[in-house]
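So my numbering is basically just the index in the sequence shown, starting at one, shifted up by 204.
Hints listed in this document are in silico derivations from the structure and should not be mistaken for laboratory results.
All values derive from a computational prediction rather than experimental measurement.
This list has only true hints and no planted wrong ones.
List time: in silico EDC-like cross-link candidates among lysine to aspartate or glutamate, alpha-carbon distance up to 16 Å:
hint: 1; residue 1: Lys249; residue 2: Asp297
hint: 2; residue 1: Lys303; residue 2: Glu289
hint: 3; residue 1: Lys249; residue 2: Asp290
hint: 4; residue 1: Lys303; residue 2: Glu276
hint: 5; residue 1: Lys265; residue 2: Glu332
hint: 6; residue 1: Lys315; residue 2: Glu332
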Amino acid sequence: MRNNFVVIDTNSDKRDEELDFLRRKMLINIMKKKMYSRSKVTLPKGVIHLNTNNFNQTISKHPIVVVDFWAEWCAPCRAYAPIYEDLAKKYGDKAVFAKINVDENPFIAQKYNVMSIPTTIVYFKGREYRRFIGLSYASIQNLIRIINYLHSKMYPE
Numbered sequence: 205m206r207n208n209f210v211v212i213d214t215n216s217d218k219r220d221e222e223l224d225f226l227r228r229k230m231l232i233n234i235m236k237k238k239m240y241s242r243s244k245v246t247l248p249k250g251v252i253h254l255n256t257n258n259f260n261q262t263i264s265k266h267p268i269v270v271v272d273f274w275a276e277w278c279a280p281c282r283a284y285a286p287i288y289e290d291l292a293k294k295y296g297d298k299a300v301f302a303k304i305n306v307d308e309n310p311f312i313a314q315k316y317n318v319m320s321i322p323t324t325i326v327y328f329k330g331r332e333y334r335r336f337i338g339l340s341y342a343s344i345q346n347l348i349r350i351i352n353y354l355h356s357k358m359y360p361e
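Taking the hints into account, I'd like the entire structure generated from these sequences.
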């Protein structure tokens, strides 16, 4: 009677697993580099004005969008306007900066539960990431930190 023994070379299996792991890791890194290099979209310069027709398209087209909800009669909104313009100039290479008038676009304000103005909402990949109500030095500093963080998350170096 003949014995059928299977000899398993565990070292060989372990090396194959390690090679597969390294190949997968390299492939993921290559794909990430290609994805990030292709996904850098040219961002509009300055502050763009949104309305019901272009709001959803804008927040879904660009990875990072900062939207200021405002109204002409709102004194804090008018005080925030030049600061927001400066932010758009300084960080416009990292995010799209937009404004939407809540009086002219009440359905958008209602859809996003904007009850007070000025309200600034940061959208990341089409979804609300963070909301700032009112105007304060701390909220502006947090907004800058969030823009830098999301940009580094989207486009790692």
